Amino acid sequence: MIVFDNATKIYESADKKVKAVDRINLHVEEGQICVFLGPSGCGKTTLLRMVNRLIPLSGGAIHVNGKSIESFDTIELRRSIGYVIQQIGLFPNMTIEQNICVVPKLLGWDRKKMQNRYDELMELMGLNPDEYRKRYPWELSGGQQQRIGVARALAADPPVMLMDEPFGALDPIMRERIQNEFLRIQQNVKKTILFVSHDIDEAIRLGDKIAIFKAGQLMQYGTPDEILSNPKDEFVEDFVGGDRALKRLTLLTVHDLFFKLKHPRKLNGDARHSGSPTIDMETNLRTALSVILSSPTGEAVVADSKNNHVGLLNLHDFEALADIHPFELKSSV
Amino acid sequence: MKKRSFTEKVVKAGLLLVIAGVVVWAFAAGSFQLMIDRPGDLIYLLLQHLQLVGLSALLAVAAAVPAGIIVTRERFRKLQWIATNFANLGQTIPSLAILALVMSYLGIGYQTAVFALWINSLLPILRNTIAGLENVSPSILDAGKGMGMSPGQIFWKLELPNASYAILAGIRTSIVINVGTATLAFLIGGGGLGDFIFTGISLYDTGIMLAGALPVMVLAVIIDFVLGKLERVVIPKGLQRNLETL
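Listed in order, the protein sequences are those of chains A and B. Going by UniProt numbering, 260 is the number at position 260 of the first sequence; the sequence numbering is gapless. Going by UniProt numbering, 54 is the number at position 54 of the second sequence; the sequence numbering is gapless.
There may be inaccurate statements among the hints.
When the alpha-carbon atoms are kept at most 20 Å apart in a straight line, the in silico DMTMM-like pairs for lysine to aspartate or glutamate are as follows [said to hold, decoys possible]:
1) B:157 / A:76
2) A:306 / A:319
3) A:214 / A:176
4) B:237 / A:139
5) B:237 / A:130
6) A:105 / B:142
7) B:237 / A:97
8) A:190 / A:202
Only some residues are given here: those of chain B computed to face chain A with a beta carbon under 8 Å [as the list claims (entries may be wrong)]:
9) 145
10) 150
11) 152
12) 238
Quick caveat, the hints were computed from the structure, so don't treat them as lab data. Just so it is clear, the structure is predicted and the values come from calculations on it, not from any experiment. Ideal Cβ placement from N, Cα and C applies to all residues, glycine included.
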């Protein structure tokens, strides 16, 4: 659990003070991913780097698992927090195994334990431990390097991880693949993660909570659904984009919509539907909408997990979403 | 890649041709006869030459590498311009003028020659040490710091290994230049292979001159080769990609 209590950072230059981070109050639950979102220069990276004291606080406090960060020795604190940066920062003079075992080595683990941990992490990342053990960072692709970067941060099994736009330098296809992989890993390891991003789609995909910043101030803090359905002010609304209603659809599945319909239309073996495409219950609504829009019949057949056709969905059914409060939908997932 | 290795072959072949040319010339001028007749002289001067180069290089490394390290530390960064200007000065004054200047204080002889060569070798080493350390990617240092490495660990495990390529290149350049410059030591009684060269010049005897010049040339090539091999041993394997593409 991470608590920001009036956390403030003031930079003093010549004659004026700049509040890079202005009295931030935030509560991040254990095992959750909190995405810091905002335009560049909004203070999100500064706030992140304050957690492991790469940047000292000017005022307020930050507590990690109930203890103030000021009460730790700086070096100890940093070793107990995973740290991933956009430029990856793998050490070119060390092999992949040495890179991953940096923190365990600093902590004085024995060789056998480090080797087991390396094998375990590489398998978690979906990479073959023996293939990469003796190789060097430059021999790896950008995606592989970033996976090693994440593995390295996980090495000493820290309860808290700080990630500063870790996937920002990857191409869109690789980024999406790594994001999905990252979510799968997070389901296993359940870390408390602070994740800096400037990409709203990334924030929606990864975040349990999203904190939106502007000029050092926290503008809104909530679940992706709250932020998309109820932007607090014009800035947040602009930032999440004019297509926020569409983005919100990615958070919901066909299942959500179908069982909220008052009169879901059943399939009655009508030959008329034979030309309609099929979508399954787990498809997100944005994809479903796209399928329906391009369907020759204007409808799509809904199939359950056993591939039984259970009903039909068309464009009119989406109107039901307008009446349904997002919380209700979320609760039915 | 293929083109690069082709030009590399041409350059190497050209170099060998020049050396072979000098060897033939030296043979015609009777240098080898001289070397065979007085092998003791040649070996004595060769060893003296190596000593001059070795000692001055050792002292230059001992001074310039730590100096480069100190002026790249955050606290002493302000001293950087002093150090580089001092080293620049050492390089811009012609070698001969350094000898003359130093001679008026230290007198003539071996130690004066070593001192002058030392001054002359500082710049490439200092420059490359500073450049190497400053060019270590900030993201590496940020990652190291963020993961809880102490300043000492960051220096020994990250900065120094990642700067090693540049530092060693500076040392190599400096030593190879020094092999040539050390011939001037003869002028102030410092000995070395310059003895043959300048004697040859004063006597208009190409044979004696080349008996000094040829060993200097071969020595420079051999030392460069040996130091190149040493780089492969000292520089971390992960950084040797640079060496392979050169």
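These are the hints, each one checked on the structure:
1. B:157 / A:76: holds (18 Å)
2. A:306 / A:319: Outside the cut-off at roughly 28 Å; violated.
3. A:214 / A:176: violated (26 Å)
4. B:237 / A:139: holds (12 Å)
5. B:237 / A:130: holds (18 Å)
6. A:105 / B:142: Measuring from Cα to Cα gives roughly 18 Å; hence the hint holds.
7. B:237 / A:97: The given pair, whose Cα atoms are some 14 Å apart, holds under the 20 Å limit.
8. A:190 / A:202: holds (19 Å)
9. 145: This hint holds: residue 145 of chain B lies near chain A, its Cβ roughly 6 Å from the closest one there, short of 8 Å.
10. 150: holds (6 Å)
11. 152: Violated, because the Cβ-Cβ distance from residue 152 of chain B to chain A comes to roughly 11 Å (cut-off 8 Å).
12. 238: holds (4 Å)
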